[in-house]
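Visitor: First to last, the sequence lines map onto chains E and C.
Under the working numbering, the first residue of the first sequence is numbered 227, with each subsequent residue one higher.
Under the working numbering, the first residue of the second sequence is numbered 51, with each subsequent residue one higher.
Keep in mind that the hints were calculated from the coordinates and are not lab data.
Do not rely on the hints blindly, as some may be mistaken.
What the hints assert, rightly or not - Simulated crosslink set (BS3-like; lysine-lysine; CA at most 27 Å straight-line):
id : chain 1 : residue 1 : chain 2 : residue 2
1  : E       : Lys-314   : C       : Lys-274
2  : C       : Lys-202   : C       : Lys-187
3  : E       : Lys-341   : E       : Lys-383
4  : C       : Lys-227   : C       : Lys-202
5  : E       : Lys-317   : C       : Lys-278
6  : E       : Lys-507   : E       : Lys-321
7  : C       : Lys-278   : E       : Lys-314
8  : E       : Lys-321   : E       : Lys-341
9  : C       : Lys-272   : E       : Lys-314
10 : E       : Lys-507   : E       : Lys-316
11 : E       : Lys-321   : E       : Lys-383
12 : E       : Lys-316   : C       : Lys-278
13 : C       : Lys-202   : C       : Lys-274
14 : E       : Lys-317   : E       : Lys-231
15 : C       : Lys-202   : C       : Lys-173
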Amino acid sequence: MANLKVNLCGITIDNPIIPASGIFGYGYEFADYYDINCLGTFSFKGTTREERFGNPQPRIAEYDYGVLNATGLENPGVDAVIAEELPKLKKVFHKPVMANISGFSVDEYVEVAEKMGAQDQVGWLEVNISCPNVHGGGMAYGTNPEAAAEVTAAVRKVTKKPIILKLSPNVTDITEIAKACEAAGADGLSLINTVMGMRIDLHRRAPLLANTTGGMSGPGIFPLALRMVWQVYNAVDIPIIGVGGISNARGVIEMMMAGATAVEVGAANLVDPYVCPEIIKELPAVMKGLRINDINEIIGAAHGSASKGSGNVAHGN
Amino acid sequence: MQQVNYTIDSQRRLTDEVYEICLAGDTRAITTPGQFVNLRLDGFYLRRPLAVCDVVDGHLVLIYKIIGRGTDALMHMNNGDSLNLLVGLGNGYDMDACGDHPLLIGGGVGGPSLYWLASELLKKGKDVKVILGFASKDKIFYEDEFRRLGAKVLVTTDDGSSGIKGFVADAIPEAGKYDYIYSCGPEMMLHDIYNATTCDGQYSFAGRMGCGFGACRGCSVKTKNGVKRICKEGPVLTRDEIIWN
Numbered sequence: 227m228a229n230l231k232v233n234l235c236g237i238t239i240d241n242p243i244i245p246a247s248g249i250f251g252y253g254y255e256f257a258d259y260y261d262i263n264c265l266g267t268f269s270f271k272g273t274t275r276e277e278r279f280g281n282p283q284p285r286i287a288e289y290d291y292g293v294l295n296a297t298g299l300e301n302p303g304v305d306a307v308i309a310e311e312l313p314k315l316k317k318v319f320h321k322p323v324m325a326n327i328s329g330f331s332v333d334e335y336v337e338v339a340e341k342m343g344a345q346d347q348v349g350w351l352e353v354n355i356s357c358p359n360v361h362g363g364g365m366a367y368g369t370n371p372e373a374a375a376e377v378t379a380a381v382r383k384v385t386k387k388p389i390i391l392k393l394s395p396n397v398t399d400i401t402e403i404a405k406a407c408e409a410a411g412a413d414g415l416s417l418i419n420t421v422m423g424m425r426i427d428l429h430r431r432a433p434l435l436a437n438t439t440g441g442m443s444g445p446g447i448f449p450l451a452l453r454m455v456w457q458v459y460n461a462v463d464i465p466i467i468g469v470g471g472i473s474n475a476r477g478v479i480e481m482m483m484a485g486a487t488a489v490e491v492g493a494a495n496l497v498d499p500y501v502c503p504e505i506i507k508e509l510p511a512v513m514k515g516l517r518i519n520d521i522n523e524i525i526g527a528a529h530g531s532a533s534k535g536s537g538n539v540a541h542g543n
Numbered sequence: 051m052q053q054v055n056y057t058i059d060s061q062r063r064l065t066d067e068v069y070e071i072c073l074a075g076d077t078r079a080i081t082t083p084g085q086f087v088n089l090r091l092d093g094f095y096l097r098r099p100l101a102v103c104d105v106v107d108g109h110l111v112l113i114y115k116i117i118g119r120g121t122d123a124l125m126h127m128n129n130g131d132s133l134n135l136l137v138g139l140g141n142g143y144d145m146d147a148c149g150d151h152p153l154l155i156g157g158g159v160g161g162p163s164l165y166w167l168a169s170e171l172l173k174k175g176k177d178v179k180v181i182l183g184f185a186s187k188d189k190i191f192y193e194d195e196f197r198r199l200g201a202k203v204l205v206t207t208d209d210g211s212s213g214i215k216g217f218v219a220d221a222i223p224e225a226g227k228y229d230y231i232y233s234c235g236p237e238m239m240l241h242d243i244y245n246a247t248t249c250d251g252q253y254s255f256a257g258r259m260g261c262g263f264g265a266c267r268g269c270s271v272k273t274k275n276g277v278k279r280i281c282k283e284g285p286v287l288t289r290d291e292i293i294w295n
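Please take these sequences and the hints and turn them into a complete structure.
Guide: Here it is, written out as structure tokens:
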């Protein structure tokens, strides 16, 4: 039997499949559909200090290869998550969970990180500095290396749990942000968050989303995410979670060959709620077909013998 | 919720843009009138939500209007083709909440969501009245089907080409005795009904959804009972909890 276990920032997970934040709520509802303990872990809904309703309707649009959302961090707030959501999760999920946190100021990130970091159920903090759907927070911290480093360093001080910075693709050079986070104490990076896009309603002659813009996800962003994981793998020495358009085992393997230690699956869950257990089930056979015995051997394998940290993306072929 | 592969039994054209599709497959997860299904179509990323019109012996009846490329592709599918559905979605109508004289009001393709409900309420011995609203005479469908169930049916058309001229709310005074509202249709129509009546009722909303089963929070709305997902805690909201935009 092929080995699927990987070490993610000091915690071994049974397999590298992680439902991404924003499409999995706080997890327990998916337990009605399948045993969520089959997952490596999952990243729960982005949580802020205060309760948030998010953006006005409509918040969802479609494109040929995926979906755009402008949800805007709807969540009940950190205290309610700890008091109400995590106890429900505890009954159905017996592994460390990844707490996705967000903020509109460094102080808010710190407060949410401190509270979440103190929860036994929480294995990792995934610090979202890349939400494209809120103003004055989120992505504002993820598009500037100094601001990204400031959030990372501040969160680092208040928790001993591994912190994983979730990066935005809406930047000129993602490796600059990645390196700044690593230098400021990040234990890992997850990339990419959604890509800012928009759609227009032809009848109304107006943007389809009430927020005008939204974050693109789905298979249409897979090559972009893969390229960025490839670049960041060359630039840093901390583990990377590859996120963006993965919907099957081959996508998992491709993303890991680019340099990811684990992957998050997002939009695919909206179309097929069972996609994660299906991927986990099909992985060993796909690995066998590719003569992979241990999934760890493929992490960054596409970089060949080229040394890590050598800088930019390799020449195309 | 359950994911089920159905086989297309038949399709029937009801108007120039509205079709009825009959599917064969496991319907056990569909428990209540007013629930919906989310239908996967080749070549389209998101599923398409459609209200359940009727369920009989392992057969599911849906009605759809061609509003875009997705529904157009569905119309071109053949009998015997397979369709992947998530079924048993949403809360559905609470059939125990009404009195003896429920008034069911549907606008356009909102009407079919009330068909199975009408059938069940009639079985319970209720005096079921139905108002169906359409743009014009050539857009009318399912009037006879509702009548055959035994319901008293009024039809409205915007242009007066058939039935009562006006919107569905204009026909409420002519419906006779009623003590409870069930309604499904465009939000503006629901709001009109709400304003034209004072009795309790249930209103089924058609939100723009991502997943249809509560995962993405794409369709959340504010209610007097807190934030609700149209796809999970809805699509049916009660009169006392609705906050109109």
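Visitor: Against this structure, judge whether each hint is valid.
Guide: Right, here's what the structure says about each hint:
no., hint, in the structure
1, E:Lys-314 <-> C:Lys-274, "24 Å, holds"
2, C:Lys-202 <-> C:Lys-187, "19 Å, holds"
3, E:Lys-341 <-> E:Lys-383, "13 Å, holds"
4, C:Lys-227 <-> C:Lys-202, "11 Å, holds"
5, E:Lys-317 <-> C:Lys-278, "23 Å, holds"
6, E:Lys-507 <-> E:Lys-321, "19 Å, holds"
7, C:Lys-278 <-> E:Lys-314, "18 Å, holds"
8, E:Lys-321 <-> E:Lys-341, "19 Å, holds"
9, C:Lys-272 <-> E:Lys-314, "23 Å, holds"
10, E:Lys-507 <-> E:Lys-316, "24 Å, holds"
11, E:Lys-321 <-> E:Lys-383, "25 Å, holds"
12, E:Lys-316 <-> C:Lys-278, "23 Å, holds"
13, C:Lys-202 <-> C:Lys-274, "33 Å, violated"
14, E:Lys-317 <-> E:Lys-231, "24 Å, holds"
15, C:Lys-202 <-> C:Lys-173, "14 Å, holds"
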